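Novice: Now for the letters of each chain:
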Amino acid sequence: MRSVPSTVAIRCRALTKRYGTHLAVAGIDLEIPSGECFGLLGPNGAGKTTTVEMLEGLTPADSGEIELFGARWGAGRDDELKERFGVQLQDNQLADKLLVEEVFTLFRSFYRKGKSASELLALLDLESVRRRQYAQLSGGQKQRVAIGCALAGDPDLLFLDEPTTGLDPRARQELWEVVRRFRAAGGTVLITTHYMEEAAALCDRVAIMDRGRIIALGTPRALVDSLGLVQFVEFESPEAVNAAALEQLSCLQSVERRGEHYRLRIDRSLGSLATVLQELDRQRVTPVGLSAQQATLDDVFLQLTGRALDGENPAAGAELRS
Amino acid sequence: MIDRADAAGALRSPAEARPHPLWELTKARLREFGREKGTIFWVFGFPLLMAMALGLAFRSTPPERPRVAVVLPPALAADSPAARALRGLLDSPQLQTEQLSREQAQRDLARAKVDLLVEWDGDRPVYRFDPMQQRSALARALAADVQERALGRQDRLAIAEAPVSEHGARYIDFLLPGLIGMNLMSSSMWGIGYALVLARKRRLLRRFAVTPMKRSHFLLSYFLSRSFFLLLEMVVLLVFGRLVFGVEVRGSHALVLGVGFLGAASFAGLGLVIGARVENTEAASGWMNFVQLPMWLLSGTFFSYERFPEWLQGPARLLPLTALNDGLRGAFNDAGSLWDLRRSVAILAAWCGLTFVTSGRMFRWY
Numbered sequence: 470m471r472s473v474p475s476t477v478a479i480r481c482r483a484l485t486k487r488y489g490t491h492l493a494v495a496g497i498d499l500e501i502p503s504g505e506c507f508g509l510l511g512p513n514g515a516g517k518t519t520t521v522e523m524l525e526g527l528t529p530a531d532s533g534e535i536e537l538f539g540a541r542w543g544a545g546r547d548d549e550l551k552e553r554f555g556v557q558l559q560d561n562q563l564a565d566k567l568l569v570e571e572v573f574t575l576f577r578s579f580y581r582k583g584k585s586a587s588e589l590l591a592l593l594d595l596e597s598v599r600r601r602q603y604a605q606l607s608g609g610q611k612q613r614v615a616i617g618c619a620l621a622g623d624p625d626l627l628f629l630d631e632p633t634t635g636l637d638p639r640a641r642q643e644l645w646e647v648v649r650r651f652r653a654a655g656g657t658v659l660i661t662t663h664y665m666e667e668a669a670a671l672c673d674r675v676a677i678m679d680r681g682r683i684i685a686l687g688t689p690r691a692l693v694d695s696l697g698l699v700q701f702v703e704f705e706s707p708e709a710v711n712a713a714a715l716e717q718l719s720c721l722q723s724v725e726r727r728g729e730h731y732r733l734r735i736d737r738s739l740g741s742l743a744t745v746l747q748e749l750d751r752q753r754v755t756p757v758g759l760s761a762q763q764a765t766l767d768d769v770f771l772q773l774t775g776r777a778l779d780g781e782n783p784a785a786g787a788e789l790r791s
Numbered sequence: 056m057i058d059r060a061d062a063a064g065a066l067r068s069p070a071e072a073r074p075h076p077l078w079e080l081t082k083a084r085l086r087e088f089g090r091e092k093g094t095i096f097w098v099f100g101f102p103l104l105m106a107m108a109l110g111l112a113f114r115s116t117p118p119e120r121p122r123v124a125v126v127l128p129p130a131l132a133a134d135s136p137a138a139r140a141l142r143g144l145l146d147s148p149q150l151q152t153e154q155l156s157r158e159q160a161q162r163d164l165a166r167a168k169v170d171l172l173v174e175w176d177g178d179r180p181v182y183r184f185d186p187m188q189q190r191s192a193l194a195r196a197l198a199a200d201v202q203e204r205a206l207g208r209q210d211r212l213a214i215a216e217a218p219v220s221e222h223g224a225r226y227i228d229f230l231l232p233g234l235i236g237m238n239l240m241s242s243s244m245w246g247i248g249y250a251l252v253l254a255r256k257r258r259l260l261r262r263f264a265v266t267p268m269k270r271s272h273f274l275l276s277y278f279l280s281r282s283f284f285l286l287l288e289m290v291v292l293l294v295f296g297r298l299v300f301g302v303e304v305r306g307s308h309a310l311v312l313g314v315g316f317l318g319a320a321s322f323a324g325l326g327l328v329i330g331a332r333v334e335n336t337e338a339a340s341g342w343m344n345f346v347q348l349p350m351w352l353l354s355g356t357f358f359s360y361e362r363f364p365e366w367l368q369g370p371a372r373l374l375p376l377t378a379l380n381d382g383l384r385g386a387f388n389d390a391g392s393l394w395d396l397r398r399s400v401a402i403l404a405a406w407c408g409l410t411f412v413t414s415g416r417m418f419r420w421y
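Just so you know, the protein sequences line up as chains A and B, in that order.
The end of the first sequence is residue 791 by the numbering used here, with every number in the run present.
The end of the second sequence is residue 421 by the numbering used here, with every number in the run present.
It is worth saying that the hints were derived from the structure and are not from the lab.
Note that the coordinates shown come from a computational prediction; the quantities given were computed from them, not determined experimentally.
The C-beta atom is built at its ideal place from N, Cα and C for all residues, glycine as well.
Keep in mind that a hint or two might mislead.
To be verified - Here are the in silico distance ranges between beta carbons for each label pair:
{"id": "1", "chain 1": "A", "residue 1": "HIS730", "chain 2": "B", "residue 2": "LYS269", "range": "49 to 59 angstroms"}
{"id": "2", "chain 1": "B", "residue 1": "GLY89", "chain 2": "A", "residue 2": "ASP498", "range": "42 to 52 angstroms"}
{"id": "3", "chain 1": "B", "residue 1": "GLY100", "chain 2": "A", "residue 2": "PRO502", "range": "39 to 49 angstroms"}
{"id": "4", "chain 1": "A", "residue 1": "ASP498", "chain 2": "B", "residue 2": "PHE345", "range": "42 to 52 angstroms"}
{"id": "5", "chain 1": "B", "residue 1": "THR413", "chain 2": "A", "residue 2": "ARG682", "range": "39 to 49 angstroms"}
{"id": "6", "chain 1": "B", "residue 1": "THR94", "chain 2": "A", "residue 2": "ALA691", "range": "49 to 59 angstroms"}
{"id": "7", "chain 1": "A", "residue 1": "GLU703", "chain 2": "B", "residue 2": "THR94", "range": "23 to 33 angstroms"}
{"id": "8", "chain 1": "A", "residue 1": "GLU549", "chain 2": "B", "residue 2": "GLY89", "range": "31 to 41 angstroms"}
{"id": "9", "chain 1": "A", "residue 1": "SER532", "chain 2": "B", "residue 2": "ARG270", "range": "23 to 33 angstroms"}
{"id": "10", "chain 1": "A", "residue 1": "SER587", "chain 2": "B", "residue 2": "ALA112", "range": "49 to 59 angstroms"}
{"id": "11", "chain 1": "A", "residue 1": "GLU534", "chain 2": "B", "residue 2": "PHE101", "range": "49 to 59 angstroms"}
Isolated chain B (complex conformation):
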């Protein structure tokens, strides 16, 4: 045996020299992850679909013109002021008008198919509308303005209008950094926490523990492989946002990546805490959802958390996903500097420290 082993050792080419365990462990993680088709969809495909669907559903379109039902008077002198006002109303590009019978017009108004009903009492127009409806109020104001102008009213104040259409203020500009944040949360937590619990359940951790493998190598390999996919996840969403919706990073790309990395690390830390002891995958799923649920609700991924009551906003700001979303949006939309993002960065760094120390104390190999 000894002889045979020595002979084999002598024959072994330098290419077959001992591979480095950290590199081998990292490769194994990357392969396991990359060969799981379901994971690939949920990590890369799903956020893209979500961005696509929400981006299209909430894309910026000009506000719809108010709809006005016009009930024609029985007879009007052709050149009377009332007739000119009526023509002005029907010709206005700011309103969608249609001529209806009185019954039809009232039915449509009752069903909110039209915002305003205009009829005539002799040569006096009568406006029927629900003053509680914003669009009806707008329709009323516009209709009055149009009719006044048709009779020759002049503006006394020369108002200059400067229409604003700034990138960075659309819903998709708000949404995309939030989607990146949420994606980093789920992929980092599941990628670390669930994978560890699965390895423990399959007694793989025990198996590794009876080899001379360095435990630091094992945990480090999880972080290296996660970092690689993190980069990929962010690049895919950034490129997608840029190509499909023209979402631009107005701040520095390095800052976006840096904040993303820090956020992913704090979620990896949370995953580590969950994966430190839990022994079955069902319990792991439960813990994951339990930890993520408040962040789905409160961290302002889909709409700003500033709409929440004051007392809720304080705690919400301390959640890692809120800090990550704020940080990403600061770098994306506000072209913030590292100093501008210090609050988010500090919160994320605190989460990293807390979770890494806790998981280090709790971790069970078997």
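Same shape as in the complex, but just chain A:
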């Protein structure tokens, strides 16, 4: 095989995977250049994990093509390919009784080149718990150990599958910092998440997945702008708001109400904001917790699918829009 240096880290075409009658991945095309942080965003069950595990070579694809750094799986050079990327799997538990530094030394031993346990401990800010058993770590620390294992072979490419799910905001920030440092050093990242703010904070480009397909792809900014020039005004009001009067305003696009909570979708300009506030003032409404917000990737997903992105409970989303 020739080994032409490739500037494309991941390329896949028409990737599909079926579990029984369920089409988990329904034809995915991706091209991720080296050095990019690419996010797969979507609700649970969208096919993100299946896609990533096919790329990692863990799950055989039913059809389609995969190339990592220009090389395909099963071409007799799988081990060389595995030297080049690191993986953090969803729901992965390491050996309970091993110390953090022992886990790192173990993973380091699998790779030809890589980072020593002490380098990894420093990189992930785990030096204070280096002699602690894995089982006794906090959720955030365990997740950092998982990423440390992924970095043990000093990879060019990092696969992160929902790395911050279940972590508190502080632990999430710390993890983002590790990813940013890896990127700053020229690494490529493919991250899946169902947190839109995570995708917006980390990713150069984002693909929004739903039901096994990519339904939108672009930079977070471009995706948000695809909604048009909108912003949202949110507040709570114990007194009833005259929605009909609000809807007379030309700058107002829609009103959502859930109990005392209101969410107004309006044109993105200072003028339209002022108009809406004047109308509320005219109605003698005293809004509590008033805020004006940019549209987010959540709104993009809502726009595209009619469902909320973090819709663990779809009924809640439906009520919000009624």
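Knowing the structure of chain A, use the given hints to seat chain B on it.
Specialist: Okay, now just chain B, sitting in the frame of chain A:
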């Protein structure tokens, strides 16, 4: 990044050269096992306690002397033969005699507190006993012998007695090799099978599968760490048996270890078959017990399987634990050579081959 990595590489001391994955995997297994306090107890402490308890409960003691209740006759001429026979009975060291009222003696006989009741009909002794009871029959024979001798009967045949007390024939000598066998069975099967299923359940196998780790290294590390603990398990039980009960290996130690190793390997193979696919630990426990149950019952750990009906003994002999127990006992108690143990060795080797090939075909990493 490249520069930084190179600088770090240049600074790295030779001591931080890449550790060998097989060694690291083996160390990890040893540590995981060694740091599990529960496992240590069940693998090392429990068999010792069992050997202790059973060894003490069934230790060899002289048979209890038959108990004889004597109901004294109302009156006997002091020098009459009946009186001499009575004195002979009461003075005999071979019997435990006690003088009781007739009512008490009959009650005790009915409750089997005594084995024989001796009373008098005039100057004729009457023996009351249950002829179906072995000890009563023995008591009757001894009492008659004692009374005859008291009246001066001489032995016509000069019998020479040579009491035998041979090590290797006690219950503990039988039990200890069986306990070693059973211990190797459970620790090898759980140590390999359960650990694999746990690793699969925790998605650790998948995690390893996306690294360049050699899969042969991974499986080999399980065998290396098991072998280490196997050695420890056997030595602990051997030393314990030697110190506490004086159980001696009459054959070669190397043969005992060799047979133990082969047995452990065939159980590791069974563990591999169970661990090849099962994804949850409950199912793994079920399979383990299902496979071990016939061997607990039939493999003659606690008593010889030769007491089972003929048709059951054939299949029982083919079980790996039976072969291991037979092999260990052959080396322990009969000072058997490798050739003497060929049958056990062949059965164990066949189990190894069968389970390794099967598990190799079935094994799922994810």
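Novice: The structure should be examined with respect to each hint, and the outcome stated for every one.
Specialist: Here is what the structure says about each hint:
In this structure the hint that A/HIS730 and B/LYS269 lie 49 to 59 angstroms apart at CB holds, the actual value being about 58 angstroms. Checked against the hint of 42 to 52 angstroms, the C-beta distance between B/GLY89 and A/ASP498 comes to roughly 50 angstroms, which is consistent with it. Taking the beta carbon of each, B/GLY100 and A/PRO502 are about 59 angstroms apart, not inside 39 to 49 angstroms as hinted. Our hint of 42 to 52 angstroms for A/ASP498 and B/PHE345 holds, since their Cβ atoms are close to 48 angstroms apart.
About 42 angstroms separates the C-beta atoms of B/THR413 and A/ARG682, a value consistent with the hinted range of 39 to 49 angstroms. A hinted range of 49 to 59 angstroms for the beta carbons of B/THR94 and A/ALA691 is consistent with their spacing of about 56 angstroms. In this structure the hint that A/GLU703 and B/THR94 lie 23 to 33 angstroms apart at CB is violated, the actual value being about 56 angstroms. Taken as a hint, the range 31 to 41 angstroms holds for the pair A/GLU549 and B/GLY89, whose Cβ atoms sit roughly 35 angstroms apart.
Taking the beta carbon of each, A/SER532 and B/ARG270 are about 27 angstroms apart, inside 23 to 33 angstroms as hinted. Hint check: A/SER587 to B/ALA112, Cβ distance near 56 angstroms, so the stated range 49 to 59 angstroms holds. For the pair A/GLU534 and B/PHE101, the supplied restraint of 49 to 59 angstroms holds, since their beta-carbon distance comes to about 56 angstroms.
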